[in-house]
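Q: Residues per chain, in single letters:
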Amino acid sequence: MSAMTAARDTRVVLWRELLPTLHEPWGLFFTMIQPVIFLSLFGPLIADVPTVPGEDSVWQWFVPGILVMLVLFSTSMTGFGMLMEMQTGSHERLMVTPMSRSAQIVGRSLSQVAPLFAQAVIIVLVMIPFGFNLYPIGALAGLVLLCLLGVGLGALSFALALVVRGQDWIFWTVQQTVVFPLTVLSGVFLPVEGGPGWMQAAAKVNPVTHIVEAERLLFSGEFGDTAVLIGSLAALGFAALGLWIGTSVIRKAAD
Amino acid sequence: MTPPIIETRGLSRTFKSKAGPVEAVKDLTMEVHEGELVAFLGPNGAGKSTSLRMLTTLLTPTSGEATVAGCDIRRDATGVRQRIGYVGQGNGGGHYHRVRDELVNQGRAYGQDGTLAKQRADALLEVFELTEQAGRNVMTLSGGQKRRMDVALGLMHQPPLLFLDEPSTGLDPQSRANLWEHIQRLRHDTGMTIVLTTHYLEEADSMAERVMVVDHGRLIADGTSEGLKEQLAGDLITITARTAAEAGLAATAGQGITGAHDVTVEGVTVRLRVDRGPVVLPEYLRALDAQGLPAQAAEVRRPTLDDVFLALTGRSLREGAPTAESAESSGPSAPVEVEVA
Chain A
1 MSAMTAARDT RVVLWRELLP TLHEPWGLFF TMIQPVIFLS LFGPLIADVP
51 TVPGEDSVWQ WFVPGILVML VLFSTSMTGF GMLMEMQTGS HERLMVTPMS
101 RSAQIVGRSL SQVAPLFAQA VIIVLVMIPF GFNLYPIGAL AGLVLLCLLG
151 VGLGALSFAL ALVVRGQDWI FWTVQQTVVF PLTVLSGVFL PVEGGPGWMQ
201 AAAKVNPVTH IVEAERLLFS GEFGDTAVLI GSLAALGFAA LGLWIGTSVI
251 RKAAD
Chain B
1001 MTPPIIETRG LSRTFKSKAG PVEAVKDLTM EVHEGELVAF LGPNGAGKST
1051 SLRMLTTLLT PTSGEATVAG CDIRRDATGV RQRIGYVGQG NGGGHYHRVR
1101 DELVNQGRAY GQDGTLAKQR ADALLEVFEL TEQAGRNVMT LSGGQKRRMD
1151 VALGLMHQPP LLFLDEPSTG LDPQSRANLW EHIQRLRHDT GMTIVLTTHY
1201 LEEADSMAER VMVVDHGRLI ADGTSEGLKE QLAGDLITIT ARTAAEAGLA
1251 ATAGQGITGA HDVTVEGVTV RLRVDRGPVV LPEYLRALDA QGLPAQAAEV
1301 RRPTLDDVFL ALTGRSLREG APTAESAESS GPSAPVEVEV A
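Just so you know, the protein sequences line up as chains A and B, in that order. Be aware that the first sequence starts at 1, since it is given in the working numbering, and climbs by one per residue. Be aware that the second sequence starts at 1001, since it is given in the working numbering, and climbs by one per residue.
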């Protein structure tokens, strides 16, 4: 398998995945409802919580976390689309084409980037009038990190879909069981510093915590902190590990 | 004879299950030649789909070898995939995708450039009468339209060999006939080799030129539909006598006919199998008249593939027809009836 064919196959899969969204882009708004609800209902509540940092505006602290939550929720569910395709037969059809198996995971995972990027940009723009300060270069770097996390989680979600072999209840059980603790323990809603010791320990080993920290710094225009480096490595790690697991699973999924 | 496009030697597949290993396909050795239209016929779970899934590289064989379109299924799976078309049991089009998009995507997956893929897609939409549905989501198509789209997907790259797994299952009779019309025309125009699986007897009988009967993972018969019927089943002659006693005598007379077998008596009815029913029946009736045992009614029925399956396995292929009697009485074939005064 030459690198060129692999790249070409990846592009074909990526394009196929994007087509339904391109035809009906407003579908993106529906998946944005959840983060927007969290922003509008949670934001005012936590504004006065003493442990929440952010002297001038709570949004500077809260919005980056909510963006990470958006990525966690939407990309971890994306394997369900593949699960449906496994049930209806279109996945099988693609498996009989000469396209490389890895390309089918990489292409699908990369397809997470465009919608995520669009949604994150919209949320950021909407929050500016409410006092969210935009640091363009930092924000851009933050978006890149979000996309890396999305690619990794997407790949893991596809791997999960392949492993559960069409049993959607197992898929949802695993997805919920993994995503909720990851989200809450990353300090997206409330600082984990206010929680008991075990929670703080769990948060420390949760890679998402470090990504959230890096996002908060980046969206405030701060590049210098080592937390940014650690968060970036965590996001890269997610993408690499996810793609590695995803492609190994699909290569073995033939039987 | 044309060169073989499929060759298998001892192809087998065993699945693990809680109850122990299940041999889904046992020792499949066969050849399919270019241009043939072959049907795997057998009940559900006979191993038809497993055989097809191995030949299309979806499943690795436990043992045995196979060459498909010149490529080894183990060593050159990509080569096989490039050269075959496959229409699985499910629907190939993504539910949230548009019909034409999916055809183009399929062409792209086989390495076609955008222009060629679009040309092929439009041509196939036309052939399969789906031009009106081109911009619709696959989800909104009817069952028959989806199935026609599946076949169109399998043909985007103009493969010399097409596999169809249960192509007409779940379709109403009209859609089924319509699908077959398309497949037949396609074959006439391109001369492609077609291998399909079916559990519909009529379909294997009327469409396939060669039938491979499969049961419990084994290939148990292989030949033309007519050949199998002649060799394995024979025509069924049914005679109605005046009384049970006369029926017994008529059966004895029947046993004297050269080649007659499976002679049974049930009340006043005598049944027997012979090789050339239409020729034997008048002779038999004259013999009965001469012995003073005039038949009240007589009938010759050409054998069906179900009779072949019954002769081979002792079971009927028809759903809800586990016994020989009910299988015969529910047969769809047109009997040749002879009224006797």
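If you're looking for bench data, these hints aren't it; they were derived computationally from the structure. All C-beta atoms, glycine included, are put in the ideal place defined by N, C-alpha and C. Take these hints with a grain of salt, some might be off.
What the hints assert, rightly or not - With a cut-off of at most 30 Å between alpha-carbon atoms, the simulated DSBU-like pairs for lysine-lysine come out as follows: (1) K204(A) - K1018(B); (2) K1016(B) - K1026(B); (3) K1016(B) - K252(A); (4) K1018(B) - K252(A).
What the hints assert, rightly or not - A short, non-exhaustive set of chain A residues, derived as facing chain B with CB atoms under 10 Å: (5) V12; (6) S90; (7) M95; (8) T97; (9) V163; (10) V164; (11) R165; (12) E193; (13) A203; (14) K204; (15) D225; (16) L229.
Unchecked claim - Here are the in silico distance ranges between beta carbons for each label pair: (17) A7(A) - G1010(B): 36 to 44 Å; (18) E1181(B) - F117(A): 24 to 32 Å; (19) G1170(B) - H23(A): 48 to 56 Å; (20) F30(A) - P1003(B): 51 to 59 Å; (21) D1072(B) - S248(A): 39 to 47 Å; (22) T1131(B) - G166(A): 42 to 50 Å; (23) G166(A) - G1010(B): 38 to 46 Å; (24) G166(A) - D1262(B): 18 to 26 Å; (25) P1003(B) - S2(A): 47 to 55 Å; (26) L45(A) - T1131(B): 29 to 37 Å; (27) M1139(B) - V52(A): 43 to 51 Å; (28) D168(A) - H1261(B): 17 to 25 Å.
Q: Find the hints from earlier in the document that the structure breaks and name them by number, from lowest to highest.
A: 1, 9, 10, 11, 12, 13, 14, 15, 16, 18, 19, 21, 22, 23, 24, 25, 26 and 28
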